[in-house]
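Student: Here is what each chain is made of, one letter per residue.
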Amino acid sequence: MKRLPEKLLVRYHDGEIGEKDMKRVESTIQESVRDREFLEEMSRIGDLLRLMNEENLDSVSFDGFEQRVLNSLDRAQRPGFFESARVWMSEFFEHRKTVWIPTASLVGAAAAVLLVLPLVTGTVPPATHSGADVSSGIWAAAADRSPGGSEVSLMNRGQALGTEYSVLNERGEAIGVVWIDE
Amino acid sequence: MNARLLAAILGLFLLLGATASQASEKVRCEVLTIEASRSGQGIDPALVQHASIFQKAPFSGFDTFKLVHRQSYELTLGAPVALAMPQPLTGSLQFNNRLQGRLDLTLSIMRPQRSPILINGKATPGSPFFAAGLKSAHGRWVFGIICDRANGVVHH
Numbered sequence: 003m004k005r006l007p008e009k010l011l012v013r014y015h016d017g018e019i020g021e022k023d024m025k026r027v028e029s030t031i032q033e034s035v036r037d038r039e040f041l042e043e044m045s046r047i048g049d050l051l052r053l054m055n056e057e058n059l060d061s062v063s064f065d066g067f068e069q070r071v072l073n074s075l076d077r078a079q080r081p082g083f084f085e086s087a088r089v090w091m092s093e094f095f096e097h098r099k100t101v102w103i104p105t106a107s108l109v110g111a112a113a114a115v116l117l118v119l120p121l122v123t124g125t126v127p128p129a130t131h132s133g134a135d136v137s138s139g140i141w142a143a144a145a146d147r148s149p150g151g152s153e154v155s156l157m158n159r160g161q162a163l164g165t166e167y168s169v170l171n172e173r174g175e176a177i178g179v180v181w182i183d184e
Numbered sequence: 168m169n170a171r172l173l174a175a176i177l178g179l180f181l182l183l184g185a186t187a188s189q190a191s192e193k194v195r196c197e198v199l200t201i202e203a204s205r206s207g208q209g210i211d212p213a214l215v216q217h218a219s220i221f222q223k224a225p226f227s228g229f230d231t232f233k234l235v236h237r238q239s240y241e242l243t244l245g246a247p248v249a250l251a252m253p254q255p256l257t258g259s260l261q262f263n264n265r266l267q268g269r270l271d272l273t274l275s276i277m278r279p280q281r282s283p284i285l286i287n288g289k290a291t292p293g294s295p296f297f298a299a300g301l302k303s304a305h306g307r308w309v310f311g312i313i314c315d316r317a318n319g320v321v322h323h
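One line per chain: the protein sequences are L and P, in this order. The numbering of the first sequence is my numbering, which starts it at 3 and goes up by one. The numbering of the second sequence is my numbering, which starts it at 168 and goes up by one.
The hints are simulated quantities; they were obtained by calculation from the structure and are not laboratory data. Careful, some of the hints might be misleading.
What the hints assert, rightly or not - For the chain P half of the interface with chain L, some residues (derived, Cβ under 8 Å), not all of them:
1) 220
2) 280
3) 284
4) 297
Using N, Cα and C, we set each Cβ at its ideal position, and we do this for glycine too.
Extracted from the complex, chain L is given alone in its bound form (with noise of 0.2 Å):
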C-alpha cells in the first residue's frame, strides 16, 4: 500500500495544510497502519516536549530577576579603579592648581635641597670623633660611615718632592704625615 509523505503528515500533524490535502490523509491514515503510527509517534514526541518545557519553566525563579538585571547593567557602566582614578586626578590638577602647585614646588624644592645638592657638592654632614658631641642623627650617621684619622697628598710632585706617610695614632688610627724633601 502506498504511504503518505512523511512531510506532509507532519504538515497535517502541525495543522498546517489545506482542506483537501486533509481529506486525503484523512482518507489515507484509516486504511494505512504505518501513517497512523507516525502521526501517534509525532503526538508522542510532540507531548515529551510540551512536558518537558512546562517542567523547565516551573523550576525558573523570577524572585529578585530585575533587581539582578539591574546588578549586572551597573556593574557594566560602572568604571574601573583606574578609570576612576583618572578621572579624579584630572579633575583634581583642573579645578585646585591652588593646592596642588604650591604643594609640589614646595616638595621639589625640599627634595632638591636633601638630595640634589649635597651629590652636586659632593658634601655631607661632617664626622664627629670622639669627645665631640654629636647634635644630630645625620652627624652621627656621617661618624659612622668615616673611620678616624687622615690622609695626605703632595699636589705638585713635579715641583716638590716629598714622601708619604701613614702613621697610627695612640687610637689606632691612620694619620696622614708627607715629608719633603729638602
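For this one, chain L is given, so just place chain P on it according to the hints.
Tutor: Structure of chain P alone, referenced to chain L:
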C-alpha cells in the same frame, strides 16, 4: 597663574637658602708649628697627645719636638686663609670640601726662590695631618693641622 608664580618664587628662595648655607659652611682649624730636632729635650708636654706619632717614621730620627706656635683659624668653604709661619716661610690653608665625613683641605707652603709646596689633606674632624721636613734653625719644621666644626671644639 598667581599660584604658580608664588610657588616658583618660594622654591627659588628655598634653593638659594640651601646654597647659601652650603657656601657659608665653616670649619675651625688649629695649626701647630713644631720644631723637631736631636737636642735630647723630649716631647713638649703640649704635644703629648701626638707622642705615639712622633715615635714612628718619619719622625723617629728626632728626639725633641717643641711646640713653637699654635693658632686657630676659622675657614670658610673655598676661601684660603693666610697662616702665621716661621720666617721665611709663608703659607695658607683652604677648606675645599666635606666628603664622606672627612674634611678636605689644601695646605700651601711658600719658600723663597723655591717652588711652593701644595699638600692635600683629608681628615675626619679632630684628626690631625702633618706636613714636615722643611729645614729649621735646629732641625726640621713639623706643621700639624687639626680641624673640626666651626662651632665645635678641636680635640687633641
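Student: Take the hints in turn and mark each one as holding or not.
Tutor: Verification of the supplied hints:
| no. | hint | in the structure |
| --- | --- | --- |
| 1 | 220 | 5 Å, holds |
| 2 | 280 | 13 Å, violated |
| 3 | 284 | 5 Å, holds |
| 4 | 297 | 4 Å, holds |
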